[in-house]
Amino acid sequence: MMAMTEVVVENVEQNVKEVLARYGNNPARMIEILQDLQDIYGYLPREVLREVSHQTEMPLTRVYHVATFFKAFTLKPRGKYTIQVCTGTACHVKGSYRVLERLEDVLGIKAGDTTDDLMFTLETVNCVGACALGPVVIVNHKYHAYMTPAKVESLIKEYREQ
Amino acid sequence: MVKLTIDGKEVVAREGQTVLEAAREAGIFIPALCYHHEVKPYAACRLCMVEVTRGKRTRFVTSCDYKVAEGMVVRTDTEKVQKCRRMVLELLMARCPNLPQLQELAQILGVDRVRFPEGDDDCILCGLCVRTCAEVVGLHALGYESRGFHRRVTTPFDEPSEECILCGACSYVCPVEVVPVVEEDGYRVMERWHKKSRLVACTKCGKFFMTEDELKFLQEKTGLPEERLKVCADCR
Amino acid sequence: MKRIESREALLELYRELAGEREKEEKYIAVCTGTACLANGAQEVYDAFKEELAKRGLDIQVKKGEGSVSLRGTGCHGFCGRGPLVAIHPRKIFYQLVRPEDVPEIVEKTVVGGELIDRLLYEDPVTGERVLHEEDIPFYKKQMRLLMAANGQIDPKSIYDYIAIGGYQAMAKAILDMEGDEIIQEVIDSGLRGRGGAGFPTGWKWEDAKKHQSPVKYVICNADEGDPGAYMDRSLLEGNPHSVLEGMIIGAYAVGATEGWVYVRKEYPLALENITLAIEQARELGLLGENILGSGFSFDVKVARGGGAFVGGESSALMASIEGRVAEPRSKHIHATESGLWGRPTVLNNVETWANVPIIINKGAQWYAKIGTEKSKGTKIFSLVGDVNHTGLVEVPMGITLREVIFDIGGGIPGGKEFKGVQTGGPSGGCLPQSQLDLPVDFDTLDAAGSMMGSGGMIVMDENTCMVDVARYFVKFLTEESCGKCVPCREGLKHMLDILTRITDGEGTMEDVELLEELGYVIAHASLCGLGKSAPNPVLSTIKYYKDEYIEHVRDKKCRAGVCKALVKYIIIAENCTGCHVCFKRCPVGAISGEPKGIHVIDQEMCIKCGICKDVCKFDAVKVV
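One line per chain: the protein sequences are A, B and C, in this order. Per our numbering, the very first residue in the first sequence carries number 1; after that it's consecutive. Per our numbering, the very first residue in the second sequence carries number 1; after that it's consecutive. Per our numbering, the very first residue in the third sequence carries number 1; after that it's consecutive.
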């Protein structure tokens, strides 16, 4: 089993300053600020949250709650590929839960977790609005329509080989 | 002055008061776990809900944040109120099966069984500690994490808060007394928040009476020098 | 881009652009809504661009006779048949178009005027090929007041919107009308909020107007969270200016100076298009200071959601714009009195705003002729699930469920039986066959135990387990609950436990009674709409599908073949050809059999993943 890749968090003060400037240093834009920072680091490291609290003068408890409340944010490092299984009603009715189970089996992780080799993060996502094409699985913004449990292994293989 | 009736009894209240405040002053019992007069109402526990009729409309509302109005008719004894109160308490007891305060309330409200699997939490998520630290002390050392049934009261990352001065206000306000504060070996300790702070002795009588963090906080707030502040209330 | 300083300038520009459009001999509209894009529409669009350039037909290059315009438009609605291409002026409608088809389309249809049969819609009953969009059964019974423009304009171009008459309602409103007049018009039109609650829009505006404040806000709620519903997404992607125009009119009417569009982050294209639309409107002076010289100044900003269904609840949405978590608050303080930052705020849904310019342009009387007595106008529905024609459907209110599902939707595929239709998302309920003739409007479905909601309409066939559906919605809501109040946070969790035990075959009749009791308390005692409506899917399925609950509980049976613990996967010997595919694909080696021999599933080892059923080409695997 491979060891967890070390994740180095750099340039925190500078990055936070830049991102805040994009939003006029307005702490009310907390969601966009944290999203942009997450885009830089792949997740929200503690140091970043602390720095945001410091620079916006918002209590850390407030920043922390926003970071843990919304599904968009993760405080844990993410994999190279984020696999999102749409669990909207239309996809569910077409069997998306079986696709999710198969993915969990093949990857050896539960939804919300990342594989130890940091290749894949598996998530469920609420309806993405492509209901006619369900079940829908999105891998790093690429949509895969009409997914079935039978297609899961080859999908993972495809990404591993890239 | 505002005149309203609660369960058929005429009550006189002050303009701007809530139904809960008016009821309590009139000696009428309405349970409420997330309410405290020192902080803004939060309407989270839902135990204080009552039926309010104004004109032709009857609404089912939380009494802790509903302002009184002339001629309002309030009922706490309807089937809806009883049913909801009991179920809310039953749900809380399932979440926190070992809290004497809940068991006492169960006796009063007539809840004699819990039909849900028991958890092992001790926090009823009333939020009084969070709101007291934020609104009364102004430090925001406590907050929430996550949402839904994963919601919990905590310090960020479960680490000792840098803002906390161990004033103990959260402990004081907790309705189920699960935030104990102890003083031992010259430290004040709050186990729940993994924090301790060295105690400061009164320069006059020598007794420990505040923490170093509290002292620093008061210095910053008042601008007064240490010598003035390091005297306990008895010795002033 | 030149600023439009006056109404005259706007009209002049309109005449110029409309004139140019009229001169367009031919244009090709390629649907580039999210669903079609996911199905390869970008490649189709690019193929057209390339092909037109190759032949020198592109209107950018060749002007006048023989030139062809190409537009990437918003969602056309017939999502199940995408990629969609419409060739004008003949309005030829091609579906399931692949990039490889493009050269043929340009050669045969665009240039030659001939039809390509295989790309035309085929009527499943008569087998006839249908030429025009409006003749296709899916579109015939629709009334596309809001969605028609989606097929005509490039949402990334404000000029396209102006060319079809855009912003003229705004000009009329801010230059010719008073705030009270506009509000009265909206009241008279009967417009009710399209986000789900159906509150009369005019009354909301009236209330906001009467609260004095130097600062007031209007907000567009584009946090469309109901799974299966994507009407707002398509409107915002396909015609963002219609929403903006509505907001400007509303802001002027109530005296607001600032507006917000709150878009869920899961809609990147909608975010992109509305942001671009705002920038373009500002550049042309249709947003900002002294619009069209009226003296009215107004601007709009975009806020992103963070991924929380509860963020669509009005007070939670406002908390979110303020940088806090999306936690609702008590509703006895109305937002129209004290909303965003404590100021009077009008929050309306995307579709509601999009209706406003139409009402101003055509008048309240005209609008009020559409729909029923208490539900005026049209409603967009997302018709999805087990139905032949999936997509977005815009119909006058009062049309029946049957007409939508069978006439427009084409009924249930695969010859299967209709079992139920879920309307209103997680706040709604499931209605069975017996309720199919109910008219769809704000109040009737409510009375039947469901609700019209924001417009999600999910059709379910006989292979859907209604207990599983109830469980699905409760699970969704437990994950989306903000956790503030006891009934929702604790109550829904226990509802989920009970439903899980029932689907696992461990439920009792007392459990079903407890579900009803929990449902009552959660519905009455919860703080916000999420909690209050959460029991609906459970209570409506218990009401209409009680037998299924009893079967799960008493007989440990799942008639739809869904609940894993209660079903078995077996191979029907007569149908098995021994192709050996299931043997190879079974992830746990639970299938035994020799090639060319009958295969058998070992029940002890089977994990009921469903792969064997997916891969069997001979229909030999059955779920019992």
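None of these hints come from the bench; they were simulated from the model. Check each hint, because a few of them may be wrong.
[What the hints assert, rightly or not] Below, simulated DSSO-like cross-link-like pairs (lysine-lysine); rule was C-alpha separation at most 27 Å, straight line:
(1) 475/C / 76/A
(2) 3/B / 331/C
(3) 209/C / 83/B
(4) 56/B / 209/C
Quick rundown of the hints versus the structure:
Between residue 475/C and residue 76/A, the direct Cα distance comes to roughly 24 Å. Compliance with the 27 Å bound is thereby established for this hinted pair. Restraint check for residue 3/B and residue 331/C: satisfied, since their Cα atoms lie roughly 24 Å apart, inside the 27 Å limit. Of the pairs offered as hints, the one joining residue 209/C and residue 83/B is violated, with about 40 Å between alpha carbons and a cut-off of 27 Å exceeded. A distance of roughly 26 Å separates the Cα atoms of residue 56/B and residue 209/C; the hinted pair therefore holds under the 27 Å criterion.
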